[in-house]
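Asks: Protein chains in written order, with my numbering: chain A, 152 to 305; chain B, 152 to 305; chain C, 1071 to 1152; chain D, 1071 to 1152.
One thing to keep in mind: the hints can contain errors.
[To be verified] Partial selection, computed: residues in chain B whose CB lies under 8 Å from chain A:
hint, residue
1, Gly175
2, His178
3, Gly182
[What the hints assert, rightly or not] Listing some non-contacts, in silico: residues in chain A with all C-beta distances to chain C over 12 Å:
hint, residue
4, Thr153
5, Asp165
6, Asp193
7, His234
8, Arg235
9, His280
10, Gly288
11, Asp296
[As the list claims (entries may be wrong)] A short, non-exhaustive set of chain B residues, derived as facing chain D with CB atoms under 8 Å:
hint, residue
12, Asp204
13, Gly208
14, Met209
15, Trp225
16, Val290
No wet-lab data here; the hints were simulated from the structure.
Predicted model only: the values in this text are computed from it and were never measured.
We treat Cβ as the ideally placed atom computed from N, Cα and C, and that holds for glycine.
What follows is the residue order along each chain.
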Amino acid sequence: MTSITVRIQNEPFDINAEAETMTGDAHANVGALVTFTGYCRDEDGRLSALELDHYPGMAEAEIARICKEAAERWPLDALTAIHRHGKLQPGAPIVLVAASSRHRRAAFEAAEFVMDFLKTRAPFWKKEHPKDGTPGGWVDAKETDDAALSRWTS
Amino acid sequence: MTSITVRIQNEPFDINAEAETMTGDAHANVGALVTFTGYCRDEDGRLSALELDHYPGMAEAEIARICKEAAERWPLDALTAIHRHGKLQPGAPIVLVAASSRHRRAAFEAAEFVMDFLKTRAPFWKKEHPKDGTPGGWVDAKETDDAALSRWTS
Amino acid sequence: MKLVYFAWVREQVGVAEEEITPPATVATIADLMEHLGERGDNYALFKNASQLRAAIDQEHVDPATPIAGAREIAIFPPMTGG
Amino acid sequence: MKLVYFAWVREQVGVAEEEITPPATVATIADLMEHLGERGDNYALFKNASQLRAAIDQEHVDPATPIAGAREIAIFPPMTGG
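The following block holds chain A by itself, in its conformation from the complex:
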């Protein structure tokens, strides 16, 4: 039974702290931990901040559904997903996915699967705030993100 943790928060997260709850003495059957952290890019110096709008309630529920699906596809010990919302500075961490398993392949694949689905199904929307004071705008969804899903269904 995979232990699933999902949190939606404005505060930063701590990779070590999450790793510690998933590994160590009490998890001595765990041989592999894969973490993915997504960061706010400055888009070649253009941005002063990125604002993340989200749908409270559904954000947690949808990410939990994605994690549950991953836990059914791979033999995981634990799976954690944390997504921040609000206004974030360039260089700030936005999202963390951590997967632990007996073997490395399952941990790698599950973490990438969660990220691929989270990108197109978790109800978050990014708005850019340019450095030059212009209004900026909402980020368009990427076709490459839709394409990334095809590898999990074919």
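Assemble the complex: chain A is given as a structure, and chains B, C and D must be docked to it using the hints.
Replies: Positioned in the frame of chain A, the structure of chains B, C and D alone reads:
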């Protein structure tokens, strides 16, 4: 130009500390960080310790060669690999690979590539120390580790 | 039923949520989008429904999904989190 | 030239490293393994060379690689790190 860091050490490592040198303000073009940590399993409670023999000099050189190959295949900002040696307890971290990039796919693939090659090409050998005091023995190489390499060459 | 909007859908409509009672002929999400598109300038975006996504009671649904029994319907652009 | 051994190769031979001067007929890694296999009980493992791996001057090599000019040759089992 990818910044490559390789360390062979007996001491534990710190995922946050490595992540911090690869991300943040000074790396605002980085959108993705993938870390892999390999842990010492207790093999269903059977082991009291795992001992890692290694070939000093070649261990660093070979892992650096693998990292350089990964940096040629994927557009990475930085790539770090740390491998411990000596006697380790169940639950202890053994190896860390961290890859940062503009986009997530490159970071995921590079980290998994380094681990797959490190498993079969880095000069380390594991010896098991059982809890029951019997002599234990050297771990056999796994065919699944050889098989894992085929996806990077086909 | 309660409608909730996010991102530029919320900005263009001008409210984050509102209560509506659509006519009985509005049976699906696609019907609802068309109905909203007729409500005036702030709702013009609903005429281009292919650019929009919807959720009923916090689960993704497609345009053909019936809205009967829905407590909360969310309408928003394609997602860009992660 | 200097030979270095690791893991159970080191344990069976009984030393971590040694200096040898092989005869001129020993041209390749495969020749070297065969030569070592004739040195007595502790070296019996070299008769089953397919279970062994080798490196010259800290780089992996295959059995057909010439050993001329090598400063340090390492012989060890398949690796099990990571």
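Asks: Hint by hint, note whether the structure agrees.
Replies: These are the hints, each one checked on the structure:
At its closest, the beta carbon of Gly175/B sits 5 Å from a beta carbon of chain A; the interface hint therefore holds under the 8 Å criterion. Given hint, His178/B at the interface with chain A, holds; its Cβ is 7 Å from that chain's nearest Cβ, closer than 8 Å. Taking 8 Å as the C-beta contact cut-off toward chain A, the hint placing Gly182/B at the interface holds, the least distance being around 5 Å. For Thr153/A, the requirement that its beta carbon stay farther than 12 Å from each beta carbon of chain C is met, with the minimum near 21 Å.
Non-interface status of Asp165/A relative to chain C is upheld: no Cβ of that chain comes within 12 Å, the nearest being about 19 Å off. Annotated as non-interface, Asp193/A keeps its C-beta farther than 12 Å from every C-beta of chain C; the closest such distance is 17 Å. At roughly 6 Å, the least C-beta separation between His234/A and chain C is not larger than 12 Å, which violates its mark as non-interface. Listed as outside the interface, Arg235/A is inconsistent with that label: its C-beta sits roughly 10 Å from the nearest C-beta of chain C, within the 12 Å cut-off.
Separation of His280/A from chain C is adequate, the least Cβ-Cβ distance of about 14 Å exceeding the 12 Å criterion. With a minimum CB-CB distance of about 8 Å to chain C, Gly288/A fails to clear the 12 Å threshold, and the non-interface call is violated. Under the 12 Å C-beta cut-off, the non-interface status given to Asp296/A relative to chain C is violated; the minimum distance is some 8 Å. For Asp204/B, the suggested interface contact is upheld, since its CB lies about 5 Å from the closest CB of chain D, less than 8 Å.
A least Cβ separation of about 6 Å between Gly208/B and chain D falls short of the 8 Å threshold, and the interface hint therefore holds. For Met209/B, the suggested interface contact is upheld, since its CB lies about 4 Å from the closest CB of chain D, less than 8 Å. Taken as an interface hint, Trp225/B does not check out: its beta carbon lies about 19 Å from the nearest beta carbon of chain D, beyond 8 Å. Because the beta carbon of Val290/B sits about 5 Å from the nearest beta carbon in chain D, less than 8 Å, this interface hint is met.
Consistency note: the structure conflicts with the earlier hints numbered 7, 8, 10, 11, 15.
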